[in-house]
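Make a model of the complete structure from these sequences and hints.
Protein chains in written order, with the working numbering: chain Y, 1 to 207; chain R, 208 to 414.
Label-pair restraints from in silico Cβ distances:
| # | chain 1 | residue 1 | chain 2 | residue 2 | range |
| --- | --- | --- | --- | --- | --- |
| 1 | R | Ala-288 | Y | Ala-79 | 44 to 50 angstroms |
| 2 | R | Asn-319 | Y | Thr-114 | 32 to 38 angstroms |
| 3 | R | Asp-290 | Y | Thr-203 | 42 to 48 angstroms |
| 4 | R | Arg-400 | Y | Asp-187 | 36 to 42 angstroms |
| 5 | Y | Asp-83 | R | Asp-290 | 54 to 60 angstroms |
| 6 | R | Ala-373 | Y | Asp-83 | 35 to 41 angstroms |
Since the hints were derived computationally from the structure, they do not count as laboratory data. Each residue gets a CB set at the ideal place from its N, CA and C atoms; glycine is no exception.
Number of protein chains: 2
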Amino acid sequence: MDFTRPEAELLTRILHWRRDVRSFRTEPIDEAVIERLRAAMDLAPSVGNARPWRVLRVETPALRRRVRDEFARCNRAAAEAYDGDRQTAYLRLKLAGLDAAPVQLAVFCVTNPTEGHGLGRQTMPETLRQSTAMAVHTLWLAARAENIGLGMVSILDPGTMAHVLAVPADWEFAAYLCLGHPEATDDTPLLHRAGWQENTPTTWDER
Amino acid sequence: MDFTRPEAELLTRILHWRRDVRSFRTEPIDEAVIERLRAAMDLAPSVGNARPWRVLRVETPALRRRVRDEFARCNRAAAEAYDGDRQTAYLRLKLAGLDAAPVQLAVFCVTNPTEGHGLGRQTMPETLRQSTAMAVHTLWLAARAENIGLGMVSILDPGTMAHVLAVPADWEFAAYLCLGHPEATDDTPLLHRAGWQENTPTTWDER
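The following block contains the structure:
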């Protein structure tokens, strides 16, 4: 099974146009698309094949409101860590699409799954969280290729999120994801465009 | 910028044929391909646009040998955690391609980057590690699309790796990656094929 250069270039284009989306149209996502996105997550890498990610689709209006309130609380606290112009700039940023996103997912990581029988994580328990992050990224790219925007919200308190969503004790909060049709598409990160943090290339040093 | 259904299906195919590769041919990877893989990592998501991943390309034979020795040590210790048939099965698995992989990368995560000005990680410092995991996954997919295999080695002690590679104190070891032309391609995880851990689908529960 070999891929061609144009196929590799298409992947680059998908990577290039994936953004953290915070401005959504409210129209629903087709359920067939949602099912394809769910299935895409099954293709994520996972150390020991343990697949430690757990996903809750949050539909209850009261729960969504509690998540919005928690975001507002954490975002106010985060703003207080900055002074002057930097604080003004922070407060101008739109950092979540919680009000409009038609699909909202809470992602957790099981900290001691039986699946995988512990393989690959004795020296690095961190691999479970890495696998969960890669599953989120898999969903992100699959969504982009379906022309669905995804925004990852991390300005939330993990303990509060676990409490609000009443998850089992060994589920650790990883991220809250907003999905929907984006208001616009862009090939440049919002934080670069808004002047918060420029893109910086990574170098590979040699040893 | 909209993608078509066939383009979305191509991404699914790349996801489907990405594997953790442990058997490599020793022939080198074209440097132009390596440069494209490096550039692909720049397209990974990162909370606060902080891009906290740091990559060392390990070429020095003595360093590669120390990594192999450390893997052997950790793998022996890991095997001792299993009994009977499970231990026999563990010892039969090939869990790394360190002997043959022509390109080897050590990936670290900076725990307190100035880039991003702390945005998005006050309640969840974990987002830096998540970004680093997503950067590894970006590289993994880009490699697959270039018909290059990648194996992620986590049966290593993070402290020893930081010491062996003499990295700055705020670099945290994330993963050691083996890259090269794979001996074979497969659409099924090795751990499923070898009977260690079956693939399990993930469900999205509703709240």
